[in-house]
Amino acid sequence: MITDLKYMPIFRVRQQEIIVLKESDFGGKIFPLIEIIKDKDRKNNKKTSFEIYSELVNDINAQKVFIDLPVYLQINSSTNNEVVAFTRSVIEDIDARINFFSQFAGKEKVIPVISSLTRKTGETNTIQTQFGHLKNIFPNIAFRTFHNTFDQDHIEITQCIRSDSDFLFYDLDTASITSPLLRKHRANINAINAAVKVLIRSAINMDIQNIKLEHGNIVADADNSLVELFRNYDFQAFGDYVGIKKDDLSAGGTISPGFIFYDPFDNMYYGYRGDIKRLEEFETTIVPDVLSSKIVEKLIGNFPQFLADNAGYKTLERISNGQETGKSQAKFKKIAMEHYLHCIKTVIDEDSQLPLSVNN
56 MITDLKYMPI
66 FRVRQQEIIV
76 LKESDFGGKI
86 FPLIEIIKDK
96 DRKNNKKTSF
106 EIYSELVNDI
116 NAQKVFIDLP
126 VYLQINSSTN
136 NEVVAFTRSV
146 IEDIDARINF
156 FSQFAGKEKV
166 IPVISSLTRK
176 TGETNTIQTQ
186 FGHLKNIFPN
196 IAFRTFHNTF
206 DQDHIEITQC
216 IRSDSDFLFY
226 DLDTASITSP
236 LLRKHRANIN
246 AINAAVKVLI
256 RSAINMDIQN
266 IKLEHGNIVA
276 DADNSLVELF
286 RNYDFQAFGD
296 YVGIKKDDLS
306 AGGTISPGFI
316 FYDPFDNMYY
326 GYRGDIKRLE
336 EFETTIVPDV
346 LSSKIVEKLI
356 GNFPQFLADN
366 AGYKTLERIS
376 NGQETGKSQA
386 KFKKIAMEHY
396 LHCIKTVIDE
406 DSQLPLSVNN
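Note that the sequence shown covers residues 56 to 415 in the numbering used here.
Everything labelled a hint here was simulated from the structure, so no lab data went into it.
Because the structure is a prediction, the values reported are computed rather than measured.
A virtual CB, placed ideally from N, CA and C, is assigned to each residue, including glycine.
Hints should not be assumed to be uniformly reliable.
As the list claims (entries may be wrong) - With a straight-line cut-off of 27 Å between C-alpha atoms, the simulated BS3-like cross-links for lysine-lysine are: (1) K162 <-> K190; (2) K332 <-> K300; (3) K382 <-> K267.
Claimed, not checked - Derived Cβ-Cβ restraints for the label pairs, each shown as a range: (4) N248 <-> L284: 17 to 27 Å; (5) K382 <-> S220: 40 to 50 Å; (6) I57 <-> N191: 13 to 23 Å; (7) I192 <-> D276: 34 to 44 Å; (8) K102 <-> D276: 35 to 45 Å; (9) R241 <-> Q214: 15 to 25 Å; (10) L284 <-> D262: 16 to 26 Å; (11) E163 <-> L236: 28 to 38 Å; (12) G177 <-> N248: 22 to 32 Å.
All chains, full assembly: derive it from the sequences and hints.
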């Protein structure tokens, strides 16, 4: 049932996210959301975008999959060219959005995500327009609004949303869950009759850089309090970016060995970084120090289920044993996602709560 939803991990369609999407078992209470940000998953793919994303949806082991054309993207001079082109031609074009979503009609897993284009294009009633075209071909639709657009969005959403089948997503971006805006909007949020309401927040500040991580210490600008507090605001589920930073989708990058590792015991993130800008630092410094950390020690001693069958942790062990190379910055993004996802799923499956330290 759609009301079983407890957690909505948000993925972009990039290589490491795709691997995690395909290899994970999300169970019945986790519905992933895919933010489609470009036409192709890779430049040399000869298939159409519908074929690519339709096959991806088929490969995801989840009851439902949300598909979003994210309107929050801010285009600048460093944004990847493919993202810029897709944003201009599809994300910001209401007819193209409707046509893109309509391709997935008949796929029972798919739930399209509608957002307003008013701040992007100046058009009015864009939520109602999208809903009018999609309501008869999708039994479930999600409405995604943001802390800085809700004042305008909620009127349209209230007029459209179906109380027995549709979702409301309220996105804080990186604003605090104690933001006065959320308190201000609370009455109008509660007045919207959605089947499920999901509070979204990116836990890891976009300004965080690997080079600035304090090795082995808490990442002060990473705040995961959403998972502890979302119910206090009458939301039934929460969503985030699965233990990684919601970056700005810029092109390129340099080698900067760093890793942010989630600790479910205290519901915090810890940072690890190499001493020099060489990929070998992942194997010689980061992996040994993560595996010998007090975080891992606590989990092994008191909560072994958070490491058992944990794909990310198993990869760290294989790297440590020399069974697998660790000389890949992208691989550690995948490890971080797999580890975080396993921890959250374990909490949900056990019907426990974070941080684990509250009961110990």
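Q | Violated constraints from the hint list, given by number and in increasing order | A | Violated hints: none at all, because every hint is consistent with the structure.
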